[in-house]
Amino acid sequence: MATPASHIRNFCIIAHVDHGKSTLADRFLQVTGAVEERKLKEQTLDTMDIERERGITIKSVAVRMNYTAQNGERYVLNLIDTPGHVDFSYEVSRSLAACEGALLLVDAAQGVEAQTLANAYKAIEQNLEIIPVINKIDLPNSDIDSVRRQIEDVVGLDASEAILASGKEGTGAIEALEAVIRKVPPPSGNRETPLRALIFDAKYDAYRGVIIYIRVKEGRIVRGSKVMMMSNGLKYEVAELGTFRPEITPSDSLEAGEVGYLICNIKTLQSTKIGDTVTDANRPAAEALHGYKEPQSVVFCGLYPAVANDFQELRDALERLQLNDASFTFQADTSDALGFGFRLGFLGLLHMEIIQERLEREFNLTLVTTVPNVAYQITKKDGSQFTIENASKMPPPGDIEVIEEPYIEAEIICPTEYLSGVIDLCKKKRGIHVRVDYLDAKRCIAIYQMPLAEIVLDFYDKLKTLSRGYGSLEYHLIGFRPGDLVKLDILLNTEPVDALSSIVHRDRAEWMGRQLASKLRTLIPRQQFEVAIQAAIGSRILVRETVKAVRKNVTAKCYGGDITRKRKLLEKQKEGKRRMKQVGSVEVPQEAFMALLRVGEDADK
Amino acid sequence: MTGIYIHVPFCRTICPYCDFVKRPIKGAAPDAFIHALTREIEAYDGDLDAETIFFGGGTPSLIAPESLATILDVLHRKFRIASDVELTLEANPDDITQDLLDHWKALGVNRVSLGVQSFDDEVLRYLGRRHDADGARRACGLVAASFLNWNMDLMFGPHPVSAYPATLAECASFAPPHVSSYGLTYEAGTPFGKRSHEAIDEDSYLRLYALTAESLRGLDRYEVSNYARSGFECRHNLRYWHNDTYAGFGPAAYSFLDGIRARNHVKLEKYLADPGGKCEALNLTRREIQIETVIQYLRLREGLSTIEYEKRFDSSLRSDFGDVLRALVSRGLLEETVEGFRPTAAGFELNNEIGLALVDAPVR
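Chains as they are written, first to last, in the numbering used here: chain A, 1 to 605; chain B, 1 to 364.
If you are wondering where the hints come from, they were derived from the structure by calculation, not from laboratory data.
Treat each hint with caution, since some may be false.
[Claimed, not checked] Below 25 Å or equal to it, Euclidean Cα-Cα: the simulated PhoX-like pairs (lysine-lysine) are:
#1 Lys194(B) / Lys572(A)
#2 Lys194(B) / Lys566(A)
#3 Lys572(A) / Lys548(A)
#4 Lys22(B) / Lys557(A)
#5 Lys464(A) / Lys427(A)
#6 Lys22(B) / Lys566(A)
#7 Lys557(A) / Lys194(B)
#8 Lys566(A) / Lys267(B)
#9 Lys568(A) / Lys278(B)
Only a predicted model underlies this, so the values are computations on that prediction, with no experimental measurement involved.
Based on the provided sequences and hints, a complete structural model is requested.
So, in structure tokens, the structure goes:
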């Protein structure tokens with residue numbers, strides 16, 4: 001029997017990364033008995049190994065809980081767990097659209113951080129009922145009063161009734177659920193009008209095909225009925241539908257207000273559009289629901305198999321991974337240095353790292369990755385305009401009228417004592433000061449406009465280091481702006497290596513060239529002949545470094561027991577060599593293609 | 001036919017660069033060890049024809065003559081020892097007396113390997129050796145007078161580096177028929193491992209390496225670190241470089257029999273409780289043995305002949321490793337001869353590069 005809408009609550013938890021979202025979600029599963037005690041592992045909703053290991057949430061996950069409230073009534077609570085990292089904020093917006101309320105989780109020791117603010121604003125925009133929860137109150141350095149004030153002053157929410165919780169100790173979980181029932185409005189929406197359901201996520205299952213996550217806004221959807229995707233008119237029969245508990249559990253129908261899944265024999269994720277509206281094929285709704293913007297790739301890198309023979313395998317792996325995660329893009333690309341490979345687009349740097357790691361881990365591939373870069377808009381002197389996602393595709397400088405690069409506006413929250421460091425860093429990264437606001441006596445928020453290119457390299461790491469981990473960052477794109485940019489080339493034994501080219505600001509090009517060449521000198525191992533490393537802009541050589549030839553490599557003693565030991569040692573060394581890429585006659589280790597990321601590491605110390 | 005290796009894991013003092021298995025003792029090698037060793041030899045059930053016996057260490061010169069007699073007696077009862085057996089014993093210069101040498105000769109020892117390392121007191125102190133230069137001279141004089149076949153162990157690289165040419169000159173004055181001269185390695189796991197910054201640079205290393213070959217007139221560099229007058233190459237060690245079989249006795253000793261490379265318990269107590277018990281045993285594949293064999297042979301001036309390889313593996317060297325070997329020829333590390341392949345001068349200095357190329361040679 002369907003639960004009346006008055007007894008359904010759809011809510012999510014929003015928080016800055018590390019503020020304890022997944023642990024609190026575990027507590028909810030526990031107190032509602034959604035997951036048996038013995039099956040409850042840490043971060044139950046983070047199903048990917050990589051999520052558990054890194055302690056982050058990448059994919060949104062939904063779960064349905066049955067809960068008997070203190071008023072004695074039984075409720076259905078749909079919790080949608082959301083990612084906290086800035087790269088995945090598009091996932092957050094999608095989840096918010098499926099809810100009526102949100103728990104805003106703030107770490108009692110850390111206070112309001114950049115993503116707290118960004119996610120709270122998103123929830124406010126969506127008109128959600130927001131319930132502040134101050135979490136980790138068991139920490140010795142928690143400061144509840146100060147965090148309460150920050151929520152009121154900075155986020156602008158009434159925090160007088162904020163729930164005090166400790167996900168670790170389990171306190172506050174029931175209070176939070178009671179507050180959800182009391183404060184979050186039940187879903188509205190007529191169950192008799194034509195079906196309109198929002199697709200807020202989708203995932204690929206090897207056995208069942210695409211599983212679509214929906215929030216039914218109006219009407220109802222029954223098993224065996226025919227549905228239509230409103231964006232393209234494609235019709236499917238509903239093979240199965242149901243709810244998340246947290247495993248998918250079939251049922252007969254989903255009614256307005258409910259969150260659940262749909263399986264209709266769809267083979268690829270590409271044919272499912274997140275944000276699309278599902279309607280009844282026989283009684284279609286007049287108008288689609290308000291969807292979302294499609295996420296856009298902002299960071300790009302080249303990905304090449306370490307062994308040329310693995311190209312097809314890499315293609316298969318990318319295709320299979322994309323079935324599961326449609327948020328990255330890829331297209332075939334060739335590099336003179338690295339051979340056949342792909343150009344991939346990501347939502348951010350963390351997203352890039354995760355995709356790379358999943359490829360290596362889940363598909364057992366050895367990959368060579370090039371330094372991430374942003375897209376540039378080029379206007380040539382002949383008036384033609386195009387976008388390049390790869391430095392090596394840059395036309396000769398003489399043909400270029402203007403190069404434009406993407407800019408972002410960054411909000412950086414940090415303790416005031418680190419502000420001057422943050423300002424220095426932003427200046428160094430070509431940041432344009434917008435303003436600094438004080439959150440309270442101890443913390444401030446600095447707003448800067450900056451080229452995205454400066455952020456994708458190492459900005460976040462540097463920010464974390466200089467603020468001892470207390471600085472947090474949120475940014476959004478604000479458009480393209482012209483920049484005085486040049487292409488910096490690297491030559492190995494006088495041959496330019498396309499995969500090592502980068503686009504940099506003219507003022508920094510020489511410094512960068514020197515740094516890069518000297519970094520490469522430390523990364524490229526000595527070989528049987530000398531290796532010359534040169535950095536150049538056009539035909540102008542900026543610097544030359546030399547990797548001296550190796551002249552001696554011999555094991556002086558090799559007797560009985562040494563024989564097999566030596567062979568194993570050689571095998572191990574060879575394993576390391578296999579991870580190198582033969583560029584012309586030079587063996588180049590994978591890390592060298594990421595050298596740009598590590599430039600200035602030593603200079604900064 | 002096989003070779004016998006006996007490991008004597010005792011030293012009076014511990015040299016800080018040494019990575020062999022050893023422990024300090026005051027007197028002679030203890031009876032418990034001799035007993036365990038004899039038990040282990042008696043229980044052996046492999047190839048019984050032996051052409052070489054090598055007492056290594058540690059410090060085999062710490063075995064009392066009567067104990068040595070016991071061990072050799074057991075070996076003779078167990079094995080069919082070839083009449084022209086090469087019987088080597090490693091010795092510390094400080095232990096050498098005419099009396100001891102006479103005992104050894106009487107017991108059949110026909111080759112002494114003397115751990116001289118240097119004729120410079122400062123170098124010997126740097127190495128933490130218990131003998132001094134005069135002790136080395138005295139021992140060399142005695143050994144040279146008593147043994148036709150003997151080896152002098154030298155080392156280049158320890159500080160002061162400048163002492164090495166004089167050491168080489170003094171070495172030549174004793175006219176040993178065999179010299180081993182090793183570049184000092186700062187092995188991880190030894191006290192020297194933490195001092196690797198003291199290692200000499202590549203250019204100095206190669207200069208001293210070349211100087212060794214030049215100074216030892218009449219001796220040929222027949223292996224990376226070994227020099228001999230024709231006919232005095234160490235037959236026991238050649239078994240290692242030919243990747244032939246050998247039976248090892250004593251703690252931590254390796255054996256290579258029937259394609260299995262096995263190691264005795266390393267810890268002395270474990271060995272004494274279970275002589276002959278193995279702490280590791282690797283059953284090598286035919287391919288692994290082929291690879292090890294080619295790598296080992298290419299440490300030798302003689303190199304590897306196609307006939308030898310074919311005889312051993314009933315397969316062709318050129319079809320098994322031809323591509324890799326030819327690539328090494330084009331890199332200047334090997335030369336191809338009528339008989340087969342052998343290392344060039346660069347092939348000695350960059351010998352590990354040869355190994356690296358061979359270790360994962362694609363199977364055709």
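Okay, the hints, checked on the actual structure:
1. Using a Cα cut-off of 25 Å, the hinted pair Lys194(B) and Lys572(A) holds, with the two alpha carbons roughly 23 Å apart.
2. Distance hint between Lys194(B) and Lys566(A) is fulfilled; the C-alpha atoms sit about 21 Å from each other, no more than 25 Å.
3. Of the pairs offered as hints, the one joining Lys572(A) and Lys548(A) holds, with about 23 Å between alpha carbons and a cut-off of 25 Å not exceeded.
4. Restraint check for Lys22(B) and Lys557(A): satisfied, since their Cα atoms lie roughly 17 Å apart, inside the 25 Å limit.
5. Note on Lys464(A) and Lys427(A): the hinted pairing holds, with a Cα-Cα distance of about 16 Å set against a maximum of 25 Å.
6. Straight-line distance between C-alpha atoms of Lys22(B) and Lys566(A) comes to about 21 Å, which keeps the hinted pair within the 25 Å bound.
7. Restraint check for Lys557(A) and Lys194(B): the C-alpha separation of about 20 Å stays at or below 25 Å, so the hint holds.
8. Note on Lys566(A) and Lys267(B): the hinted pairing holds, with a Cα-Cα distance of about 22 Å set against a maximum of 25 Å.
9. A distance of roughly 19 Å separates the Cα atoms of Lys568(A) and Lys278(B); the hinted pair therefore holds under the 25 Å criterion.
In summary, this structure violates none of the numbered hints.
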